[in-house]
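Since the structure of chain A is already known, use the hints to place chain B on it.
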Amino acid sequence: MKIMRKASRSKVITYGLVAIAFIIVQLLISSGNISSSLQGQLVPICAYVVMAVSLNLTVGVLGELSLGHAGFMSVGAFTGVVACISLESIIPFTILRLTVSIIIGAFSAGVAGTLIGIPVLRLEGDYLAIVTLAFGEIIKNITNCLYVGVDKAGLHVNFLTDATSLNLSEGGRVIIDGPMGISGITKLSTFAMGFALIMVTLFIVLNLIDSRSGRAIMALRDNRIAAESVGIHVTKYKLMAFATSAALAGAAGALYAMNYSTIIASKFGFNTSILILVFVVLGGLGNIRGSIIAATVLTILPEMLRQFNNYRMVIYAIVLVLIMLATNDDNLKGFLSNLRNRLLPSNLRKGKKGAENG
Amino acid sequence: MKKIFCVFISFVLIIGLLSGCGGSDSASSGDDNSTGKNEEPVAVAFKLGGTGPLTGGAAIYGNAAKNGAQIAVEEINAQGGIKFELKYEDDEHDAEKAVNAYNKLKDWGIQISLGSVTSTPGVATSAETFSDRIFALTPSASATAVIEGKDNVYQMCFADPNQGSASAQYIVDKKLGTKIAVIYKNDDVYSKGIYNTFASKAKELNLEIVSTTTFTEDSQTDFSVQLADAKKNGADLIFLPMYYTPASLILQQAKSIGYDPKYFGVDGMDGILTLENFDTSLAEGVMLLTPFNADSTDERTVSFVKKYKELFNETPNQFAADGYDCVYAYKEALETAGCTPDMSAADICEKMVEAFPNITFDGLTGEGVTWADTGEVSKSPKGMVIENGAYVGMD
Numbered sequence: 001m002k003i004m005r006k007a008s009r010s011k012v013i014t015y016g017l018v019a020i021a022f023i024i025v026q027l028l029i030s031s032g033n034i035s036s037s038l039q040g041q042l043v044p045i046c047a048y049v050v051m052a053v054s055l056n057l058t059v060g061v062l063g064e065l066s067l068g069h070a071g072f073m074s075v076g077a078f079t080g081v082v083a084c085i086s087l088e089s090i091i092p093f094t095i096l097r098l099t100v101s102i103i104i105g106a107f108s109a110g111v112a113g114t115l116i117g118i119p120v121l122r123l124e125g126d127y128l129a130i131v132t133l134a135f136g137e138i139i140k141n142i143t144n145c146l147y148v149g150v151d152k153a154g155l156h157v158n159f160l161t162d163a164t165s166l167n168l169s170e171g172g173r174v175i176i177d178g179p180m181g182i183s184g185i186t187k188l189s190t191f192a193m194g195f196a197l198i199m200v201t202l203f204i205v206l207n208l209i210d211s212r213s214g215r216a217i218m219a220l221r222d223n224r225i226a227a228e229s230v231g232i233h234v235t236k237y238k239l240m241a242f243a244t245s246a247a248l249a250g251a252a253g254a255l256y257a258m259n260y261s262t263i264i265a266s267k268f269g270f271n272t273s274i275l276i277l278v279f280v281v282l283g284g285l286g287n288i289r290g291s292i293i294a295a296t297v298l299t300i301l302p303e304m305l306r307q308f309n310n311y312r313m314v315i316y317a318i319v320l321v322l323i324m325l326a327t328n329d330d331n332l333k334g335f336l337s338n339l340r341n342r343l344l345p346s347n348l349r350k351g352k353k354g355a356e357n358g
Numbered sequence: 359m360k361k362i363f364c365v366f367i368s369f370v371l372i373i374g375l376l377s378g379c380g381g382s383d384s385a386s387s388g389d390d391n392s393t394g395k396n397e398e399p400v401a402v403a404f405k406l407g408g409t410g411p412l413t414g415g416a417a418i419y420g421n422a423a424k425n426g427a428q429i430a431v432e433e434i435n436a437q438g439g440i441k442f443e444l445k446y447e448d449d450e451h452d453a454e455k456a457v458n459a460y461n462k463l464k465d466w467g468i469q470i471s472l473g474s475v476t477s478t479p480g481v482a483t484s485a486e487t488f489s490d491r492i493f494a495l496t497p498s499a500s501a502t503a504v505i506e507g508k509d510n511v512y513q514m515c516f517a518d519p520n521q522g523s524a525s526a527q528y529i530v531d532k533k534l535g536t537k538i539a540v541i542y543k544n545d546d547v548y549s550k551g552i553y554n555t556f557a558s559k560a561k562e563l564n565l566e567i568v569s570t571t572t573f574t575e576d577s578q579t580d581f582s583v584q585l586a587d588a589k590k591n592g593a594d595l596i597f598l599p600m601y602y603t604p605a606s607l608i609l610q611q612a613k614s615i616g617y618d619p620k621y622f623g624v625d626g627m628d629g630i631l632t633l634e635n636f637d638t639s640l641a642e643g644v645m646l647l648t649p650f651n652a653d654s655t656d657e658r659t660v661s662f663v664k665k666y667k668e669l670f671n672e673t674p675n676q677f678a679a680d681g682y683d684c685v686y687a688y689k690e691a692l693e694t695a696g697c698t699p700d701m702s703a704a705d706i707c708e709k710m711v712e713a714f715p716n717i718t719f720d721g722l723t724g725e726g727v728t729w730a731d732t733g734e735v736s737k738s739p740k741g742m743v744i745e746n747g748a749y750v751g752m753d
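Keeping their order, the protein sequence lines are chains A and B.
For what it's worth, the numbering used here labels the leading residue of the first sequence as 1, then goes sequentially.
For what it's worth, the numbering used here labels the leading residue of the second sequence as 359, then goes sequentially.
Excised from the complex, chain A in its bound form:
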């Protein structure tokens, strides 16, 4: 362990924790000790973890508040599913088709992220937040008016009319039916694929943070003027973080969409963006491991609270407030670090402290 750099050690710990969680859950599944309720949530949890980690790149590492992250998820979800359905005859092997669809989803969300990032990243602070919010809504409204169908001749795209004017030949299939979204999706996403996507996401994000570019991005966050004065290209590095974040959100969207037989554009609205932001803030800005845990816990929590019937959303909110208070409480933080000092021998503690920043 000693030969490894502090940052590398932290990365290995993060990968390890995710892998251990995956193995434990797989063991539970194979021994039949997992409830259908939890099992059904595994893929959405993976998608939300990827969403939270990718948003953390924008909010925590780049330091710009984005309120339109679900928009990129939507782009990835819709293009991913369209790709998946159109490729049905070309790639019969499902895992490969799923992978290709996720990559296509990620790519198109990345393109959308770059296009949106160019004007948006000229702004700062609150203004940027509001504009991302607007772009998120624009994406939602565009998908609401989009009609896409596929037949032997290829893809047909139509805007603002209706599905009948797609002029599909016989045997053609309407894929996106405007506000009704896509229905009849074959469920391809698996927990293993979700795990793989989390690992890829972590690999990309953690390595980006721990690179020359990552340090430049963080320098921009901490002091833009100082960073510019030493020759850091502001737009380039901002765009790099923003587009990466968008592409990963697109991949998560494709994974998410292919876990349900139907998706609609209004699902990826403002509320979903805020939900993801809550994961990030709760897990800690810039704290990747925190995002993973927060996304998992807050996705499971409403389901755990089902027995409280109509009170569960109130309890969910109370829990949220309490966790926020508790994690930002100096007394509690002091208590935890005291506890750690007492329980862990000093050499291990160093590793732990390094990990905190990871």
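Note that these hints are calculated values from the structure, not bench results.
Misleading hints may appear alongside valid ones.
Derived BS3-like pairs (lysine-lysine); straight-line CA-CA distance at most 25 Å [said to hold, decoys possible]:
1. B:Lys740 to B:Lys533
2. A:Lys187 to B:Lys508
3. A:Lys187 to B:Lys455
Chain B alone, transformed into the frame defined by chain A:
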């Protein structure tokens, strides 16, 4: 430290308090799941589960269907013979939540399903019931995608296209209007589905549509633009394929601009008279196609409406009647097929798939109701008109 301890303790107390409330709530509704667990080895009752929006904007539909089903379950259990144990889970009108709710029901040991109350969640849960081989009969998820390609998913309500073409036919047959305006909700499967078939049927019947305007979830409070367009084009009848909350606003706003056309709604319009703070005089003369009429004088409807009013303090709408009918349809099908509660969900499913296309069912929402093997229901919608604050049959 003391402060945190206090916060923690108060949190524990709140949880305790709320769980107490929650517990008593479900106990009073007749089928607490704890009793279900005790009875599990004996299996005297069929475990009947469904998801619906019990909270949020669409809660009125979910609760109505749940309450209707609950009345039917209580009646059937009191009769002896087949017994049901009913459990509804909240899906917040969201596909993801609906699948979660359905999985929760699977943990509970669901044997037959009431699907989902609304369409989008219905599409998601019906795919799950199809792959898990659990039979589903949905009270009111009316989109065609709910039953499409699934042999074990059936509908109790009309499919959306059915309503659209029936409405156009009805307007032409009864010569209700010559210049039609349509206002529909662009991001709603239900509303859009009805509009599409209405528009194509209207074309076929040479019914003139002079104004077509839309709104979305985010813009369903102001209809001045849509109404002005209809007025400008001289529409004498406005077709409103939507739920009653936006429809009530349309009626109010049309009155305030001094526009007084005829209105024609579909089954989602049912319930407008029980809407809180709504001046029912605005709804005078509104016509709608609905399979259920709470003011009907036949014995079953009267007794259902009476019970519903006693228990829930409101007049049941069509969703409640659909929920009620679903349970009775299940009773008939289960008796016909000779199913017992100790059978597995998959076995019951196979029997139900065989039984449902062959039964004829008389319920609150129609006499002589039959199903095609695609899962589509066949019953005739009734034209109703609102007169003196009550529905009156038009035929």
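key: 25 Å Cα cutoff - pair Lys187 (chain A), Lys508 (chain B)   = holds (15 Å)
Hint consistency between Lys740 (chain B) and Lys533 (chain B) [alpha-carbon to alpha-carbon, up to 25 Å] = holds (16 Å)
ask   = Going straight from one Cα to the other, do Lys187 (chain A) and Lys455 (chain B) come out at no more than 25 Å?
value = Status holds; Cα separation ~16 Å.
Of the numbered hints given earlier, the model fails none.
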